[in-house]
Amino acid sequence: MSDGTATATAAERSERTGTSFDIDWVRRNGVFVALGLLLLANVFLTDNFVSTGTLRLQLVQVAPVVIVALGMALVIGTEGIDLSVGAVMALAAALIPLYVGYGSVGAIAIGLVAGAVVGLIAGVLVGVVGVQPIVATLGLMVAIRGVANLFGGEIKSITEPGLVSLGTGDVAGVPYVVVIAALVSLVVWLVVRRSTYGRQLVAVGGNKLAAQLAGLPVRRVLVTTYVVSGLLAAMAGILLAARSQASDPTKLGQLIELSAITAVVIGGTPLSGGQVRILGTIAGALLMQLITATLIFHDIPDSTAQIVQAVIVIAAVYVQLGRGKARRS
Amino acid sequence: MSTTTVDPATSNAPEAALANRARFASLVQRQGALAIFVVVVAVASVSFDSFASQGNITGIAVQASFLAMLALGMTFVIMTGGIDLSVGSVFALGGVLAAWGSQHGTLAAFVLPLAVCGAIGLVQGLVIARGGLPPFIVTLAGLLFARGLLLLLSDEGATTYKVPRGSSFRELAQGELLGIPYPVILVVVFFAIGGLVLHRTSYGASVLAIGGQEDAADLMGLPVVRTKVLTYVASALLAGFGGVMIASYTSSGVTILGVGTELEAIAAVVLGGTLLTGGAGTVLGTLVGVLLLQVIKNVINQIGSLDSDWQSVVSGTILLLVVTLQRVLTRGDRT
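In order, the protein sequence lines correspond to chains A and B.
Numbering-wise, this note's numbering puts 273 at position 273 of the first sequence, and it's gapless, one number per residue.
Numbering-wise, this note's numbering puts 494 at position 165 of the second sequence, and it's gapless, one number per residue.
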């Protein structure tokens, strides 16, 4: 059950087979291995895969998912979950056309604040009131989607030049959207690795009671984490709206919470909290994107693509948990 | 998880007060949704003439019956400490299979969806109970799988199978007995059976024991794996049957149904007072939760000037209010 025994069996196994193949290493880094293999396969099997156009499109498409998944990774690290991210994206995007009169910066700021406020509500419900994360964020998801629809109404187009260039422009050939996702990834990675908050987050997720007894600011850590998740979701929503030059509050961000959770889990962050793997999360998002893209490249219909994704998700989690070692989450 | 944190040093008087408080808190936990439901119905009956009409009430009951089937299965899953995110997709898949099957006879309209949905539940249950994978992830994959299968069967959603004219299958959801539509009768029967199974069978006792403390249940020799597998099979079968009912009701296999319905079902269960940590709950509470959600939708439709988007705003807010209330009042009882 403990990691020690697992390592021992892995070592025994590799001794028996006479190779230095370490099953535990694969288990920990499976997502990178899978991503590498799939990339390699595409290089050889997919026509025109190695072109800036293809690469660019894939990265632009995955950028919002990465941003949302980073926030989700933090939340899952606290043994929580955030189902409200898709609705928050829609809300932030719905506010943009309404406040574009304040200039693109003003509109973006309002969108981000809205996301942070929703995150604050979620954080207070979870951290202070003690509502279960899945219920608190489920309620918010339903309510905020409604609010976004009330604000946004029908699909509105976004024509403000600043926003349009944010969504479609690039720096040295790399789209802004991708640059922003990369910067956010770097910041979140540094925060988790280097900051006090990052260490506190992992401690809170590992054992709330112990963290409390050790004098850590459990409530503050939880509230902060949900605010960050809301903020990042709002950012993703704004970028998505800017890219498509439209905000559609009914559709935008729908089911993205599930993509984000999948990316986090495939990336090796356990749902039981106490661990955050940022690079794994990014690789998880890239892997899921690449799987979808590969299936599309080879004209495999949506139906089959979904079935394949389902099987891959189960297989990935199964490999990570190891045979029989896993307990319920 | 549900350890009572009472200081052993406390004297009898505070203990009695604590017991009273706990009793009150548990009453709110179990009946909070019922109280809100009664208030909403009372206010609506007074405010809108059309609300209390027989037609409207029958309409609410029939509309609620599909979600009720999903929520019944979800109640058992949540009581074991699990979650089933696949029910919305399985519900839609059941509907498409039923409509397709009905073209080959009424029997096929039942057997086909129930067999396929039951199989999906069986696989999910085995992967969760035997493989030890988290229910959240397994049923999330189940959600994708069932939706993919549905798309595969319906030419990527382009084909909507129709129930043949004059097929006796239409009777299932369109017929009625003494003025009561069959779906409503079915829901009452299924919930009665659900209540009996939960409180009168060893399976029901195992469900609650597993949700309370899985390791303890295991050590006591309860059939943990079998109980969990059965629970996920039952959930998928009920979702599939909900799909069968809606196929009969709409006389077709609507492919876009059931997106997000799993979350509505979870909301209904939580409103009904079943704890997401498992180990406690009632099926009757779930039924009240389902009806509350449906009545809210109906009332907002009655207020013609209100945008239908208010439905989700109000439903979400009520869910948050109820759980906050439950939580504040039970504070200190559970960790």
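Accuracy of the hints is not assured; some may be wrong.
Said to hold, decoys possible - Using 30 angstroms as the maximum straight-line C-alpha spacing, the simulated DSS-like pairs for lysine-lysine come out as follows:
hint, chain 1, residue 1, chain 2, residue 2
1, A, K208, B, K491
2, B, K491, B, K626
3, B, K626, A, K251
As the list claims (entries may be wrong) - Short, incomplete list of chain B residues facing chain A, as computed with Cβ under 10 angstroms:
hint, residue
4, V456
5, F465
6, V643
These are calculated hints, taken from the structure and not from any lab test.
Where is the CB? At the ideal position from N, CA and C, for every residue including glycine.
Outcome of the hint check:
{"no.": "1", "hint": "A:K208 / B:K491", "verdict": "violated, 54 angstroms"}
{"no.": "2", "hint": "B:K491 / B:K626", "verdict": "holds, 28 angstroms"}
{"no.": "3", "hint": "B:K626 / A:K251", "verdict": "holds, 21 angstroms"}
{"no.": "4", "hint": "V456", "verdict": "holds, 6 angstroms"}
{"no.": "5", "hint": "F465", "verdict": "holds, 6 angstroms"}
{"no.": "6", "hint": "V643", "verdict": "holds, 8 angstroms"}
Hint 1 from the earlier list is the only one contradicted by this structure; the remaining hints agree with it.
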